[in-house]
Amino acid sequence: MLETCAQHPKMNPAAAPNPEWESFYRKDITEKLPTFSRDGRLCDCLFAQQFDRDLLDRLCRLADHMRDITKTRHGDDFLRGLLANKRAMLFFSQPSTRTFLSFMSACQILGIRVLEIRDLKTSSQVKGESIEDTIRTFAAYVDLIIMRHHTPGFVEKASWVLQTGHRPVSVINAGSGADQHPTQALLDIYTLNRYLPGGLDGKHLVMVGDLKRGRTVRSLSYLMKNYQGVRLTFVAPEAFRMEPDILAFLNRHQIPHRETDDLASTLKEADAVYMTRIQDEHDAGGESQRVDYSPFHIGTAQMAKLPKHAVLMHPLPRREEIHPDVDKDPRAVYWRQERNGMWIRTALIAYLFRMEKAVLGHHSEG
Amino acid sequence: MLETCAQHPKMNPAAAPNPEWESFYRKDITEKLPTFSRDGRLCDCLFAQQFDRDLLDRLCRLADHMRDITKTRHGDDFLRGLLANKRAMLFFSQPSTRTFLSFMSACQILGIRVLEIRDLKTSSQVKGESIEDTIRTFAAYVDLIIMRHHTPGFVEKASWVLQTGHRPVSVINAGSGADQHPTQALLDIYTLNRYLPGGLDGKHLVMVGDLKRGRTVRSLSYLMKNYQGVRLTFVAPEAFRMEPDILAFLNRHQIPHRETDDLASTLKEADAVYMTRIQDEHDAGGESQRVDYSPFHIGTAQMAKLPKHAVLMHPLPRREEIHPDVDKDPRAVYWRQERNGMWIRTALIAYLFRMEKAVLGHHSEG
Amino acid sequence: MLETCAQHPKMNPAAAPNPEWESFYRKDITEKLPTFSRDGRLCDCLFAQQFDRDLLDRLCRLADHMRDITKTRHGDDFLRGLLANKRAMLFFSQPSTRTFLSFMSACQILGIRVLEIRDLKTSSQVKGESIEDTIRTFAAYVDLIIMRHHTPGFVEKASWVLQTGHRPVSVINAGSGADQHPTQALLDIYTLNRYLPGGLDGKHLVMVGDLKRGRTVRSLSYLMKNYQGVRLTFVAPEAFRMEPDILAFLNRHQIPHRETDDLASTLKEADAVYMTRIQDEHDAGGESQRVDYSPFHIGTAQMAKLPKHAVLMHPLPRREEIHPDVDKDPRAVYWRQERNGMWIRTALIAYLFRMEKAVLGHHSEG
Chain A
64 MLETCAQHPK MNPAAAPNPE WESFYRKDIT EKLPTFSRDG RLCDCLFAQQ FDRDLLDRLC
124 RLADHMRDIT KTRHGDDFLR GLLANKRAML FFSQPSTRTF LSFMSACQIL GIRVLEIRDL
184 KTSSQVKGES IEDTIRTFAA YVDLIIMRHH TPGFVEKASW VLQTGHRPVS VINAGSGADQ
244 HPTQALLDIY TLNRYLPGGL DGKHLVMVGD LKRGRTVRSL SYLMKNYQGV RLTFVAPEAF
304 RMEPDILAFL NRHQIPHRET DDLASTLKEA DAVYMTRIQD EHDAGGESQR VDYSPFHIGT
364 AQMAKLPKHA VLMHPLPRRE EIHPDVDKDP RAVYWRQERN GMWIRTALIA YLFRMEKAVL
424 GHHSEG
Chain B
64 MLETCAQHPK MNPAAAPNPE WESFYRKDIT EKLPTFSRDG RLCDCLFAQQ FDRDLLDRLC
124 RLADHMRDIT KTRHGDDFLR GLLANKRAML FFSQPSTRTF LSFMSACQIL GIRVLEIRDL
184 KTSSQVKGES IEDTIRTFAA YVDLIIMRHH TPGFVEKASW VLQTGHRPVS VINAGSGADQ
244 HPTQALLDIY TLNRYLPGGL DGKHLVMVGD LKRGRTVRSL SYLMKNYQGV RLTFVAPEAF
304 RMEPDILAFL NRHQIPHRET DDLASTLKEA DAVYMTRIQD EHDAGGESQR VDYSPFHIGT
364 AQMAKLPKHA VLMHPLPRRE EIHPDVDKDP RAVYWRQERN GMWIRTALIA YLFRMEKAVL
424 GHHSEG
Chain C
64 MLETCAQHPK MNPAAAPNPE WESFYRKDIT EKLPTFSRDG RLCDCLFAQQ FDRDLLDRLC
124 RLADHMRDIT KTRHGDDFLR GLLANKRAML FFSQPSTRTF LSFMSACQIL GIRVLEIRDL
184 KTSSQVKGES IEDTIRTFAA YVDLIIMRHH TPGFVEKASW VLQTGHRPVS VINAGSGADQ
244 HPTQALLDIY TLNRYLPGGL DGKHLVMVGD LKRGRTVRSL SYLMKNYQGV RLTFVAPEAF
304 RMEPDILAFL NRHQIPHRET DDLASTLKEA DAVYMTRIQD EHDAGGESQR VDYSPFHIGT
364 AQMAKLPKHA VLMHPLPRRE EIHPDVDKDP RAVYWRQERN GMWIRTALIA YLFRMEKAVL
424 GHHSEG
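Protein chains in written order, with the working numbering: chain A, 64 to 429; chain B, 64 to 429; chain C, 64 to 429.
Only chain A is shown next, with the shape it has when bound in the complex:
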């Protein structure tokens, strides 16, 4: 039941009814996954549920190796030639500087030429074209579509149209409604593995803030089933506690977790603290105004309680929940986390184009 988080109660995104798609869309996610894979490899990256431990480890290793390669001009040139014969479309119906720049940079690192669509008004849909036809048109010109859309299920539908059609082009979900943002989850995993001594296994992860509506903390929680001995603490105001579906999922996978609203006492036992801002853009009627968010902030006083080896993360953008003075603390890794997003997305794209071996076989000369 939980894995069907893509089964959003909202309306189907298509303007015209498409019963074949509607029936697919209502399926359990485990039934859907094979549609987006081939020969045991992902063709599309749509859901955090598509990642298993092996794939997560491979992508992290690939990202690390790419960073290493680009330390020399020779290696940088090598990577930039790797996919110079490919074209990608960045289709963003929603404002998102960070994710947009990150994917754009990832394409540029690999030499992929990019076609951008950021303004829906420039689309042919004004001439009454169906979504299916618009997607097919995009696919006519490119080898990869990186898509962010405000409508839940839209990115999944685009991918389904292409996988069941005549020209299968890979799709990466760069954020789809409130439900999925799988590459954000990827970059969080990459960051945790990169900065926690020994990686994620056996660590205590503390998630703080608006856990009810934060897409990132939800996806990250799902992915914990891939790691051994992880323990979670959810620190949230009463109104924004983690949703029952996630708690049920954790119970089912026997992942220890507890809920509290006391940040201070939790910090000293944390290996990683994952802060989130209040998601007031999802307010139905000003509920964010009625919550005292101040106990869910971190400043230098709170940092003093955090162990030396621990890391402080944030998906950004931040507001007041982390004081800028904390930026100088070496445990504050959110700016590096942001850059990690660029690298793990570069790795994901290289993987989708089956370039792992080529990359790992290249060694920087020095």
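Hint data in this document are derived by calculation from the structure and do not stem from the laboratory. Take the hints with a grain of salt, since some may be wrong.
A short, non-exhaustive set of chain C residues, derived as facing chain B with CB atoms under 7 Å [as the list claims (entries may be wrong)]:
hint, residue
1, Lys134
2, Asp139
3, Leu164
4, Ser168
5, Gln171
All C-beta atoms in this analysis are idealised placements derived from N, C-alpha and C, irrespective of residue type, glycine included.
Mind docking chains B and C on chain A? Use the hints.
Only chains B and C this time, still in chain A's reference frame:
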């Protein structure tokens, strides 16, 4: 008289009067054409009337050869290096996903770097600059301008300014008001030649739908004079019959044609069926609402009547005039037609930069 | 006092107060400059005051050499490979076709891949992010930020945030409020040096028009202190005379200058005439309407009075202050001036990335 279709009755596009241009603009098109050619070659691509049989054949051959070349990575790299020292501007004042992506891709295939202007508000015209000066500024930075503009004659004026000025830069018309869209006509010709056995000569072409206001069917009809033994049937509702100027042109060039509103009986004799959507964006007062467009639709039942060797085309975007179930029929070539647009535009650009020999001299290694 | 022109009386651009920045912003410009330099070289290009004679000469020479190199395809390819491993962001909050295209072209000439942000609505600031954090995010993905912003001091702040932060990325000011547009001054200097026989030293420069509010004529006046024996004449209507701060600066540096409203008598003694349009976008209450600007226009009659060796410049866009008939006169260099802007910006970027030696060491073959 007919060839002066560029002599649009609407106002001159320039903000400030320019008598020299106005006098040029009013000329017969046959008098204008030399301005946009040099040494028997096109410098600019503005009107469908600029294409003769020889040029059409050469561009089709060039497009075919390029597709062949890019089947290998080596050939793809070769093409991408061809014009890597050139820069093009894509100036689109009107929304057009399809044409924009197609030209952008064509530039990328040839390695041309692109500067985009899609939002008129970002232009200096807000500071009171004349159109002539704006065009000259564009030309300062690029070697090619690909331009779509809602004002009839605007693209022609841009080209005229540059050809009569100090820095002649090639201009390609990517759609100018309701009158001209020459590369659409090119891609239609390319598609017909590519999929009809033996090419276009001697074939029966059926055009269906809103023929009165469809720019593509008008341009395609003009170009029929370049082919031997072609026969045309126009299938349209009474209100949207092909305009008398085109019929007069066909009579003058002795191209057999007839008009009907009976699609069913025409299909079995067709070599190519060219469908069009209703152009209701040009409605003066809801006339599209009063027409029963349903007899001008194609579904699987209609396809059963079409000969096996025939092709079904559509400039896209489509609405209901072709049922999506038809997409799977191998005679439905509209999605391939769209991709042909990218290749014939690539060929056109290579031609304008005099790269035909270099391309044709390259052979893919296998 | 004069050098503190960046100390704009308007409010600090940051949404949230940042006392450290505010104290920096109020400093005298001579105190600020070291922040934006390292090892005697500019890291950022923010103010016209950063250029001394040596740097101006070096940039002009570099631009000349680059133009020479690109005359061959081999040289063009060399330059395009030079910084192919770098990425730049073009962040333009204000419409500016000319400057945007010029910088974009400069990046393309050097092979730099570009990320564009032209629409502020696509920025994360809608989610309540501070300016400091937005800038840091930009810096995460690129090696250079080229920024135009309507708020005075904004570009300087961006640069300050990065220079005092963890990831110093170069910033180029592409126009900041009404106060600074240093690369415009650079291209003016380059144009004067390029077309005046023997360069700028000892020449008589006549500036005409709205001198009070023209950013370009102000910057250019500052830079005159770097040249020997230059004489200035300011020709303006009473309401738009050059500001006293500039006149005081010229006095302090013993640069001879006079003010007049009589253009005709000045022309015959001019080596260079620098025309400007009326800056009515800065009108407080229609003051431009009350000025007779017609005596500050140039047509063919005025050109007859100008010496043969002299040049006529304009930063463009122009309105009526230069008649289009003048364009054909070889002394009218404003269209070449525009293209010079592209080349001097290319030189500046190559300089910032320490590529001078590599460029000057390359000689075109053939």
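Q.
Hint Gln171/C vs chain B: min CB-CB distance below 7 Å?
A. holds (4 Å)
Q.
Can you verify the interface hint for Leu164/C: is its Cβ closer than 7 Å to any Cβ in chain B?
A. holds (5 Å)
(Q) Can you verify the interface hint for Lys134/C: is its Cβ closer than 7 Å to any Cβ in chain B? (A) Because about 11 Å separates Lys134/C from the closest Cβ in chain B, which is outside the 7 Å limit, the hint is violated.
Q: Go through the hint on Asp139/C and say holds or violated, using the shortest Cβ distance to chain B against 7 Å.
A: holds (4 Å)
Q. Close enough to count: is the Cβ of Ser168/C nearer than 7 Å to one in chain B?
A. It holds, given that the least Cβ distance between Ser168/C and chain B is near 5 Å, below 7 Å.
Figure legend: structure checked against the earlier numbered hints; the only hint not met is number 1.
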